[in-house]
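J.: Residues per chain, in single letters:
There are 2 protein chains.
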Amino acid sequence: MLFRRGITLSSLARMHLSFSFPSCAPDSPLSKIPDICDPTIPFYTRATSLVNQFTTEELLNNTINYAPGVPRLGIPNYQWWTEALHGVAKSPGVNFDLSDPHAEFTSATQFPQTINLGATFDDDLYQQIASVIASEVRAYNNAGKAGLNLYSPLNINCFRDPRWGRGQETVGEDPLHMSRFAVSIVHGLQGPHAQNEAEGNKLTVAATCKHFLAYDLEQYDRGERYQFDAIVSKQDLSDFHLPQFRACVRDGGATTLMTSYNAVNNVPPSASKYYLQTLARQAWGLDKTHNYVTSDCDAVANVYDGHRYAQNYVEAAAKSINAGTDLDCGATYSENLGAALKQKLTDIATIRRAVIRMYASLVRLGYFDDPASQPLRQLTWKDVNSPSSQRLAYTSALSSITLLKNLDSTLPIKQKPTKIAIIGPYTNVSTSFSGNYAGPAAFNMTMVHAASQVFPDAKIVWVNGTDISGPYIPSDAQDAVKLTSDADSVVFAGGIDASIERESHDRKDIAWPPNQLRLIHELSQSRKKDKKSKLVVVQFGGGQLDGASLKSDDAVGALVWAGYPGQSASLAVWDILAGKAVPAGRLPVTQYPASYIDGLPESAMSLRPKAGYPGRTYKWYKGVPTYPFGHGLHYTTFSASLAKPQPYAIPTTPAAKGPEGVHAEHISVADVQANIKNTGKVASDYTALLFARHSNGPAPYPRKTLVGYTKVKNLSAGEESSVTIKITQAALARADEEGNQFLYPGSYQLELDTEEHRLASTTLVLTGEAVNVIPWVSGDMS
Amino acid sequence: MLFRRGITLSSLARMHLSFSFPSCAPDSPLSKIPDICDPTIPFYTRATSLVNQFTTEELLNNTINYAPGVPRLGIPNYQWWTEALHGVAKSPGVNFDLSDPHAEFTSATQFPQTINLGATFDDDLYQQIASVIASEVRAYNNAGKAGLNLYSPLNINCFRDPRWGRGQETVGEDPLHMSRFAVSIVHGLQGPHAQNEAEGNKLTVAATCKHFLAYDLEQYDRGERYQFDAIVSKQDLSDFHLPQFRACVRDGGATTLMTSYNAVNNVPPSASKYYLQTLARQAWGLDKTHNYVTSDCDAVANVYDGHRYAQNYVEAAAKSINAGTDLDCGATYSENLGAALKQKLTDIATIRRAVIRMYASLVRLGYFDDPASQPLRQLTWKDVNSPSSQRLAYTSALSSITLLKNLDSTLPIKQKPTKIAIIGPYTNVSTSFSGNYAGPAAFNMTMVHAASQVFPDAKIVWVNGTDISGPYIPSDAQDAVKLTSDADSVVFAGGIDASIERESHDRKDIAWPPNQLRLIHELSQSRKKDKKSKLVVVQFGGGQLDGASLKSDDAVGALVWAGYPGQSASLAVWDILAGKAVPAGRLPVTQYPASYIDGLPESAMSLRPKAGYPGRTYKWYKGVPTYPFGHGLHYTTFSASLAKPQPYAIPTTPAAKGPEGVHAEHISVADVQANIKNTGKVASDYTALLFARHSNGPAPYPRKTLVGYTKVKNLSAGEESSVTIKITQAALARADEEGNQFLYPGSYQLELDTEEHRLASTTLVLTGEAVNVIPWVSGDMS
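Residue numbers (the working numbering), protein chains in the order written: chain U, 1 to 782; chain Z, 1 to 782.
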């Protein structure tokens, strides 16, 4: 069936088109249809009136992402697939322009990759970035070069296995962090009016929460994501896979939910009434009239050809639309729902409802309304790459850079180096800094070029010495070592790139590529032998590499994790190395030892450790990480104290309610006051991570749990600042085997910062009885 | 009604989309439809079977260029508007790619603008270039980045008024030349199988003859092309406006005919049964089942809003489709044909026939057939910008460059200049060399850069001195003059560009911009005063500028017309200036004195002169041109003789027959043998233009008529070559006031080359009675 995916489905879904707005001008075809042109009428009513004009065949034709519209009614084609993960991104819905050097819409602000944003633990930053992205998407849309419905930026599947090629698209492995990220991003993207009914709930752009559910691998031992059946316990679903989707849909108010390729416990989510109807719509409130569910691209086809959950494509289409997947990113619906109607496997009302939901989102986006009344419709190319957006890309790159090791204050580099040598495969590249789902940046600067900007008086020399992977070539390495011999400062810029980790391509191991590692040690030992300054290693790439040998090599003075910092990558890195800016990033994932994956199938979903199974994420991994989740050093030192919070009496009735009620995520157990003091000599941000450790309720217990975080910005040397870290019921609750989230009475040890760098601790006591604060939503999951 | 054109019509029509192929794989929706997937069945049958599946609404939706396809049947969207005038060009159907420097499909071979090709008078070259363009379009199409149905490259409206902003898109003012160009280009584009029924008449790409009819201005005294009603006599239609369309459709076999914006004698061609049905389909054979008629973009709307030839858009749509305009480039059909059906202004069979015709062209293009069996489907980015194509772009640029003046052998530049000064607004530009409807070239080189390539040992200095237009700034001019003072060679690079002449923008005058002219003379007089080498002037731009003062200034040593030479512009110009290549181009238009347009409305269509009216083109202009049609000098000298042809007995019955018969264009009156000898010292091409002069039949008589041409390639010094120039009945025939083309008996003076440079002459005698060899096709023109 590969020819179908190759030709009919994916390639159709992936086609580009331009965007235009329909006209409601007098005498236009739309002006003759009731309601649709009247902005005072509710979204769904307007969309219903419009879509009621579609013939059956026009409905079928418009059930797919590359939608033909209805030209006879003046409804243009529409590509429902626009990506903007960390900036307007190359995708079927985006048309970057090429022509002469003066062309417009050639680029967009390229923010750091999401895993870098993870390292900032900065919810305000997430919202700011999303807000810029939304404006730039609007500018592109006004020029006909992007859609308004994003399949981004929300890859909110937690980074479960370090090999995942798309883990870089997430903020890491912690579901609390992921949930808060999701809400911030959706609010930033959808804009200030989205949550405001009085202002008409207008959207800047429509955001999508993806990939629902438990999608976190590209390949497994028997195939690819398209066939993968994730076997997940209710406990792990409840603890790890569902919270961020609940937050994204319910608290963020995202317009769209995307079903994933994989099946979950034998059922592909695209065809699951439980996941789409019972959970997403009924329990989480996705049933608002302007919401719709989209499949991932070809996921409806996979219901049959990946999972054999249907007998053929016709049944796959029928099962999916009946379950509530409104939009097929693909062509399975358009080509098979006609037959499904004939076979009475679905009905026209179901199909019409799906198309109405989609058009309701366009109504909500102002698609049919007078442009003159809409400030968003005035945005132009001049609003893309604005100085403040460019600055934000730079400062967020700075915030994301994480200092893992800094022996004897190797960094920052001493004031006036006369010669700097840069070695490694990232030395002279410029577009590798972007990571998955990027658009072209307005500029790209290599590490070599940026070095000459930051150190204008230094002589800069460079050579790769070795490639990202492949053989170690002794003569190349020796040339590299020779080049560094009289340098004041030597920086190795390496790690991994899209040749190693990307969509559809998971890693095979998590060690440093041996060719790079050998060169690093050759360099460091040469420095040591000649009694020169220690080697600085900058590690690029989204997934972590086991840096144990770099940690133990005392001639490697500093190890900096830079991830994929986006358009300002090299400048941000050098400004940190030079001390013109200071590091404050924290690892949003665990840096496991390389042996972690030995004998561990990527497809093994369980989080908790057992015999022969190491457990997953900082909560459950039973071994010793090379660098732990949350690790990150500074150029200054801090001290802190935590005020002991009041005991919390667990309410006797569960607080979790329906979509309109109050939820455990919003009920505060404690507002912990932390006093943070900069005890060193340079101003710095501080990322306050608060963990809880306990043994309340039934075993097993997680090693610890992130229960809150906040940022202290630009704390001057000697300055002290008091911040409040809120701990919610949801943050402390734990799932039982039935997936019910219980809040257990007892004593919780609160710890500020990682074990190795703990600044303060205190105790929080919960009194009363255990209460199920987030009950499992029951329903037929088969 | 402007908002309709701005929003609903043009902007929809101009939207981009990607291209994909439908699948005929087993189980695909198409595989279930009879015939369409069977390559052994005739085109029209296959297309009919397919389009019979379309519902009425799906038919309506697919009557426009930005066509939604029918996703439920597996028919992808299609953009019927792809441009490729002189290379794959920016247009709604073309998606040039932008991303990193390694991106594919970022450029295409950019040949010289068509007016430059006009200067080559080289039919073989036309076909070669078209063949390369077709291959590159196919490579783009295979990547989803271009359509297969071109709205190019045939702007075959003769360059009637020198002000026309799109005259540059034509090969000039002569209809014989235009006709032969049209046939060569269509054959090159549509490929070797198009005319071969045994091989299934497969097309490389589908070519369009445009703009039918008498479209040759952008603005006139009362408005724009959209409203213009061209009042044209049958005589001028028959002599000047129709021959090239007859040739393009009938002899070239072009797939598509495009109706123009303007009306002709009160009737917009889009709504004219006479032009579309009687002439194009019945008389010229456009009724083949794979032909269709398209409107120019919004020309159907103009039937109402431009010409008021209908009461409203509904009637405009009905009249146009009833007349035989199958495809609406716009959105008038899709939005109004539904109402037209209800009002019984048209019927569904007419609409269905139009869509069948369009799809028949796609069937003929192999759109529905197995890619493995189609070599054209294997073309990739590697087949774009191939070395041989790049070379062809360069050599065709060389062939097009026309030497207008060369006093005292100013050119070529003496062997080893030590300092070259380049002055003028074309000095340091690189993308201005392309002209209308270009795509990005793989490279662009400025005149400055190319000079340093051609004269690597010379010092190159440059300054603009003045802009294309605008004020003459004495201090800038003096700086420029000063810069040239010690130069061995001074080249002024100027003329006009897209700021002066382009689509939608005709020129207001045909003099040199006064700021440039003054600087040229300052420079030339400075050279003269200092007794330095004479000034060389290179004139860019498609329309001619009156060079009278340059002609008479004896310090201007050389004047070179370079037009828009495309991607190799600057290198080709310098290679000619340096004598590394030799000029052989000929003016394909008349260079009129600047006063020519005084009191002459652009809208006055008549060709023949009368009191107070100067007449048009070299055939009828009664004044003295600055440089005549056909003018062009060489670096060598030629002598020639013409063998006196046999008398020709005019047949007593007219030879013109129906589409399958023998036509006056194909019946030889004489094969004139010319012996050309290179009597100079360097090898050179020679462009043999044969004119006839006579006073047979009724007055008035044209001054002369181009009756044939051929190229002699690379004639060595001292070498002689014999060539045959065929004269057909059509070339000698003249229209009477009823539009009948008569061949008149009498003596015809044949002259080789222009009056000023005549190389030989002889006499051709026609005996017998005057015969109507191309009768006017009668019908209701109202």
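These are computed hints drawn from the structure, not numbers from a lab.
Any given hint could be a false lead.
[Unchecked claim] Take a look, some chain U residues computed to stay more than 12 Å from chain Z by CB distance:
#	residue
1	Arg-14
2	Ile-64
3	Asn-312
4	Ser-388
5	Pro-645
6	Asn-740
7	Leu-759
[Unchecked claim] Estimated spans, in silico, between C-beta atoms of each pair:
#	chain 1	residue 1	chain 2	residue 2	range
8	U	His-666	Z	Thr-55	49 to 55 Å
9	U	Lys-416	Z	Ala-103	50 to 56 Å
10	U	Pro-34	Z	Thr-55	55 to 61 Å
11	Z	Gly-470	U	Lys-681	43 to 49 Å
12	Z	Lys-342	U	Ile-348	21 to 27 Å
13	Z	Ser-452	U	Lys-416	37 to 43 Å
14	U	Asp-457	Z	Ser-452	46 to 52 Å
Predicted model only: the values in this text are computed from it and were never measured.
We treat Cβ as the ideally placed atom computed from N, Cα and C, and that holds for glycine.
J.: All hints are to be evaluated individually against the structure, with a verdict given for each.
T.: Do the hints match the structure? See the list:
1. Arg-14: violated, 8 Å
2. Ile-64: violated, 6 Å
3. Asn-312: Answer for Asn-312/U: violated, closest chain Z Cβ roughly 8 Å.
4. Ser-388: holds, 24 Å
5. Pro-645: holds, 52 Å
6. Asn-740: holds, 44 Å
7. Leu-759: holds, 44 Å
8. His-666/U with Thr-55/Z: 49 to 55 Å: At roughly 51 Å between Cβ atoms, Thr-55/Z and His-666/U fall inside 49 to 55 Å, so the hint holds.
9. Lys-416/U with Ala-103/Z: 50 to 56 Å: Violated, at about 41 Å.
10. Pro-34/U with Thr-55/Z: 55 to 61 Å: violated, 23 Å
11. Gly-470/Z with Lys-681/U: 43 to 49 Å: violated, 60 Å
12. Lys-342/Z with Ile-348/U: 21 to 27 Å: holds, 24 Å
13. Ser-452/Z with Lys-416/U: 37 to 43 Å: For Ser-452/Z and Lys-416/U the Cβ distance comes to about 40 Å; the hint holds.
14. Asp-457/U with Ser-452/Z: 46 to 52 Å: Check failed, 33 Å falls outside 46 to 52 Å.
Of the numbered hints stated above, those contradicted by the structure are hints 1, 2, 3, 9, 10, 11, 14, listed in ascending order.
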